[in-house]
Amino acid sequence: MSDIKIEGYEFKPGFKGMAKDTGSDQTMFKGVHWGKAMMWIFLLSDTFIFSCFLISYMKGRGSTLIDWPNPSEVFGLNVFGVDVPLLLIAIMTFVLITSSGTMALAVKYGYEKNKKMCGWLILATAIGGLTFVGMQAFEWSKLIHEGVRPWENPFGAPQFGSFFFMITGFHGTHVSIGVIFLFIYAYKTFAGHYDQGKRGWFTTMKGDYVEIEILGLYWHFVDLVWVFIFAFFYLW
Amino acid sequence: MSEDFNDNKTIQAQSSEAISGGGSGIATDADYVRPAEVADQDLYHGHSFITKWIFCQDAKVIGVQYFLLATFTGIIGLILSWLMRLQLGFPGLAPFMTAEHYYQFVTMHGMIMVVYFLTALFLGGFGNYLIPLMVGARDMVFPYLNMVSFWSFFVAVAVLLASFFVPGGPTGSGWTLYPPQAILEGTPGAGWGIMLMCISLILFVAGFTMGGLNYLITVLQARTRGMTLMRMPLTVWGIFTATVLAMLAFPALLVGALMMSLDNVLGTSFFMPTILKAGEVLEYGGGSPILFQHLFWFFGHPEVYIVALPAFGIISDLISVHARKNIFGYRMMVWAIVGIGALSFFVWAHHMYVSGMNPWFGFFFATTTLIIAVPTAMKVYNWILTLWRGNIRLNVVMLWCLGFIVTFVNGGITGIFLGNVSVDVPLSDTYFVIAHFHMVMGIAPLMVIMGAVYHWFPLVAGRFLDEKLGKWHFWLTFLGAYSIYFPMHYLGFIGVPRRYFEMYDSPYVTSAVGMNEFISLAAFIVGAAQFILIYNIIKTLKTGKPAGHNPWQACSLEWLTPTVPPEHGNWGDRLPTVHRWAYDYSVPGAKEDFITQTTPPSEVAHTKVEKT
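Line by line, the protein sequences are chains A and B.
So the first sequence is numbered by the working numbering: it starts at 1 and just counts up by one.
So the second sequence is numbered by the working numbering: it starts at 237 and just counts up by one.
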C-alpha cells in the first residue's frame with residue numbers, strides 16, 4: 001500500500017515505519033478503511049472460535065476409549081464399483097478454493113470500477129459457495145443414511161459424529177451466510193449501488209467498492225478455516 | 237432516508253490553518269497539527285422518538301441504554317443476594333427458600349453480576365458514552381452495528397430472565413455451569429434453565445462482539461487530530477484493552493455454551509463421561525468434563541480483567557482530576573494495563589487446582605498468577621503516588637476512589653494466598669474464596685462505577701448529584717461491604733464451605749452462626765443503601781445544582797464539547813485539535829491549575845508544561 005498519500009505525513013519503511021504509524025495521531029493503520037480494519041479484528045475473534053472447536057476436537061479424539069473411525073473409509077465414495085477415498089471432499093475443497101480466486105478477481109475489478117466483470121465474478125463466487133454447501137448437505141445425508149448421528153456412530157467413537165456435525169455445521173453456516181451476502185452484493189454491484197454511493201438499506205452508509213474487499217476478506221477466511229478442518233478431519 | 241442527512245454540510249475538519257496558523261502544511265509552528273486524514277463522519281440523525289431514543293444510533297444514548305438495562309439486571313442480582321443471605325443468616329425463616337431455589341439464586345446472582353451487570357456496564361455503558369468523547373470522535377465508527385449490539389444485549393437479558401418462568405426454573409448449577417451436573421436430572425433447571433442460560437450467553441457474546449468491534453476501531457482509527465495513543469486518557473486505555481481481552485476470551489465461552497447445549501438437547505457427549513445413575517448407565521459416555529472447565533476458565537479469567545481493566549483506567553482519571561495532579565507514571569500505567577491483559581490469558585487453570593489436573597500444571601499457573609501481582613502492584617503504587625502531595629478535593633468522587641484503593645489492595649492480597657497451589661487447596665470452596673473475589677472484582681469495581689457515576693453525571697445530565705446523600709451512600713456501602721466480606725475470610729479459615737444451603741448441626745455452627753447473622757444484616761443494609769443513589773439521581777435530575785461547562789476543571793476532551801450535555805455528533809461544526817495528554821494539572825506557571833488537551837502550546841509558552 002505504498003501508493004497512499006497523506007498530507008503532512010511521511011511514511012517510513014519496515015519496523016520503524018510501523019512504530020511511527022502506531023505512535024502517530026488519528027489512525028494506527030494509515031489509509032485503511034474502518035470496515036476493513038473491523039473485518040480483520042472480527043476474523044481474529046472468529047479464529048479463536050474455530051481454534052476452540054478444533055482444540056476441543058483434538059482433546060475429544062485424543063481421550064476417547066473407543067477407536068476413532070478411519071476417515072478414508074468413512075468419507076470414501078463408491079464410484080462405478082471402485083472405492084475412492086476422499087473424492088467428494090477433494091472436489092468440495094477444490095470448488096471452495098476456486099471461489100476464493102474468483103472473489104479476489106472480483107475485488108480487483110471492483111476497484112477498477114468494472115461493474116460488469118465484478119458482478120459476474122461475485123456471482124461465480126456465490127455459486128461456488130452454494131455448490132460447496134450443496135455437496136456438504138450430500139455428505140451429511142450420506143453419513144446420516146449410514147447411521148452416523150451426533151450422539152452415536154456405527155463406525156467407532158460416538159464423539160466422531162458429535163464433532164463432525166458440530167464443526168462442519170458451524171463452518172457451513174459461515175459459508176451460507178457468506179453466500180447470502182455474495183448474492184446481495186452481486187445485486188448491488190449490477191444495480192450500480194457502489195458506483196453511485198447509494199446508501200445501505202439498514203446501515204444507511206454510502207456504498208463503496210471497498211465493501212467487496214471486506215466481504216472478500218471474510219470469504220478467504222472461511223476458505224482458510226476449511227483447509228484446517230479438512231486437515232484435521234479428513235487427513236488425520 | 238436521505239432527507240435525514242445533511243449532505244450539503246461538508247464540515248471543514250481539515251481547515252487546519254485557521255486554528256493552528258501552520259500555513260503551508262510544513263511543521264514550522266509549535267501549534268501545528270497535521271490535517272485530518274479521514275473525511276468527517278457521515279452520521280444518521282434520527283428525528284422520530286423511535287430513532288432518537290429507542291433504536292438510536294448515537295453512542296451516548298446507547299451508553300445510557302446499556303447503563304440502565306445493566307443496572308436493572310444488577311438490581312435483580314442484588315435482590316437474589318438478599319434472598320441468599322436471608323437463608324444463610326436465618327435458615328428456615330423464609331419458607332419458600334428450598335435448597336433448589338437457593339442454588340438457582342446463587343447461579344443467577346453470579347452470572348448476572350459478572351456478565352450482565354459489570355461487563356455490560358463498563359464496556360457497554362461507559363465504553364459507549366466515553367470512548368467517542370474522549371478520543372474526539374463524532375460517534376462510534378459503526379453506529380448501526382452499535383445499536384444492534386444493545387438490542388442483542390436486551391434480548392440476551394430477556395432470555396436470561398425468562399428462565400425464571402420456565403418449567404424447572406433457572407439453572408442451579410453455579411455460575412460456572414460445570415457439567416456433568418449442569419444438565420443432569422436432579423440439578424435445578426437441568427432441562428430448560430440451562431438451555432436458556434446457554435442461549436442467553438451466546439446472544440450476549442454476539443451482541444458484545446458488535447459493540448467490541450466498534451470500541452476497537454474507534455480507538456484505533458477514529459481519533460481526532462493530535463490524539464496519539466499515548467495522549468489518550470487511561471479510561472480509554474482500560475476499556476480498549478478490556479475489549480481486546482473480551483474479543484479473544486468470549487469465543488471460548490461461546491464454544492463451551494454451544495457444546496453444552498448440544499449435550500443437553502441432542503444428547504451428544506462432549507463433556508459427559510459414562511455416568512451411573514441409581515445403578516443404571518446413562519446414554520452419555522466418553523466425554524470430558526475437564527474440557528468444559530478449560531473452555532470456561534479460558535474465558536473466565538480474562539473476564540475478571542475485562543471488569544477490572546476499565547475500572548483501573550477510570551479510577552486513574554478520577555484520582556488525577558480530584559487530586560489536581562498528573563497521573564504518576566502514565567506510560568507505566570498504560571504498559572501495566574496491557575501487560576495485565578496479556579498475562580490474563582496464561583493463568584486460567586488457577587481456578588482448577590482441585591480439578592485433578594497434573595500438579596506441574598498447577599505449578600506453572602501459580603507462577604504466572606503471581607507474576608500478575610507485579611503490574612497490578614505498580615498501578616496501586618502509582619495511584620498512591622498520584623495522591624501524594626496532591627491538592628485533594630475530598631468530595632464523594634474522591635471518597636469512592638480511596639475506598640476502591642483500600643478494597644482492591646485487600647482483595648488483591650488474598651489473591652496471593654489463593655494463587656499458590658498449596659495454600660489454595662485447603663482454602664478452595666470455602667468462604668475465603670467468596671470473600672476474595674467479592675472484594676477484588678465485586679466491591680472494588682463497584683466503587684469505581686459509583687465514583688464514575690458521581691463524576692460524569694454532571695456531563696450526562698448537566699447537574700451535580702447531591703453530595704450529602706452521596707456521602708451517606710458511600711459510608712454505608714464502604715463500611716457495610718467490609719462488614720460483609722471481612723468476617724467471611726474468618727469463616728473460610730475455619731472451613732465453612734461455600735454453596736451450602738444450610739449448615740445444620742455441623743461443628744462450624746458455634747462460631748459461624750452469629751457471624752452469618754451479622755453478615756446478612758450488613759448485606760441487607762448495603763443493598764438498601766444503593767437505592768440512595770437511585771433516589772439521588774431521580775431527585776437531582778430535576779432539582780440538582782446546574783453543572784455548567786467543565787465543572788471539575790478537567791483536562792480531558794469529554795468535558796470540552798460545545799454543549800453540555802453533548803449533542804449527537806459531539807463537537808458541533810469542528811472537531812477538536814489535541815495538543816497534549818489529558819493530565820496537565822497544577823502546571824507551574826499556568827494561570828489555572830489545569831491546561832485542557834485542546835490548549836495550543838503558544839498559549840502556555842511561559843509555563844513549565846512538558847511536551848507530551
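In case anyone wonders, no lab produced these hints; they're calculated from the structure.
In this text the structure is predicted, and so the values were computed from the model without any measurement.
Think of the CB as a built atom: it goes at the ideal place given N, C-alpha and C, for glycine as much as any other residue.
One or more of the hints may lead you astray.
Claimed, not checked - Keeping only pairs whose Cα atoms sit at most 35 Å apart, straight-line, the calculated DSBU-like set for lysine-lysine is: (1) B:Lys-844 x B:Lys-775; (2) B:Lys-847 x B:Lys-827; (3) A:Lys-20 x B:Lys-513; (4) A:Lys-59 x B:Lys-844.
Claimed, not checked - Sample of chain B residues lacking proximity to chain A, with all beta carbon distances greater than 12 Å (derived): (5) Gln-293; (6) Met-333; (7) Trp-411; (8) Gly-427; (9) Met-483; (10) Gly-575; (11) Leu-579; (12) Leu-623; (13) Lys-707; (14) Leu-712; (15) Thr-832; (16) Lys-844.
We went through each hint and held it up to the structure:
1. A distance of roughly 43 Å separates the Cα atoms of Lys-844 of chain B and Lys-775 of chain B; the hinted pair therefore is violated under the 35 Å criterion.
2. Of the pairs offered as hints, the one joining Lys-847 of chain B and Lys-827 of chain B holds, with about 18 Å between alpha carbons and a cut-off of 35 Å not exceeded.
3. Distance hint between Lys-20 of chain A and Lys-513 of chain B is unfulfilled; the C-alpha atoms sit about 64 Å from each other, more than 35 Å.
4. Between Lys-59 of chain A and Lys-844 of chain B the CA atoms are separated by roughly 61 Å; this puts the pair beyond 35 Å, and the hint is violated.
5. Non-interface call for Gln-293 of chain B relative to chain A: violated, since the shortest CB-CB distance, roughly 8 Å, does not exceed 12 Å.
6. With a cut of 12 Å on Cβ distances, Met-333 of chain B stays outside the contact zone with chain A, its closest approach being about 37 Å.
7. Against chain A, the non-interface label of Trp-411 of chain B holds: every CB pair exceeds 12 Å, the least being about 20 Å.
8. No beta-carbon of chain A is positioned within 12 Å of the beta-carbon of Gly-427 of chain B; the least distance is around 17 Å.
9. Here Met-483 of chain B does not stay apart from chain A, with its beta-carbon only about 4 Å from theirs, under the 12 Å limit.
10. At roughly 17 Å from the closest C-beta of chain A, the C-beta of Gly-575 of chain B stays outside 12 Å, upholding its exclusion from the interface.
11. Distance check on Leu-579 of chain B: its Cβ is at least 17 Å (rounded) from any Cβ of chain A, clearing the 12 Å threshold; non-interface status holds.
12. Every beta carbon of chain A lies more than 12 Å from that of Leu-623 of chain B, the smallest distance being close to 30 Å; the non-interface claim holds.
13. Its beta-carbon lying about 41 Å from the closest one in chain A, Lys-707 of chain B satisfies the requirement of being farther than 12 Å from that chain.
14. Here Leu-712 of chain B stays apart from chain A, with its beta-carbon at least about 41 Å from theirs, past the 12 Å limit.
15. Residue placement check: Thr-832 of chain B keeps its beta carbon more than 12 Å from all beta carbons of chain A (closest about 17 Å).
16. At roughly 24 Å, the least C-beta separation between Lys-844 of chain B and chain A is larger than 12 Å, which holds for a residue marked as non-interface.
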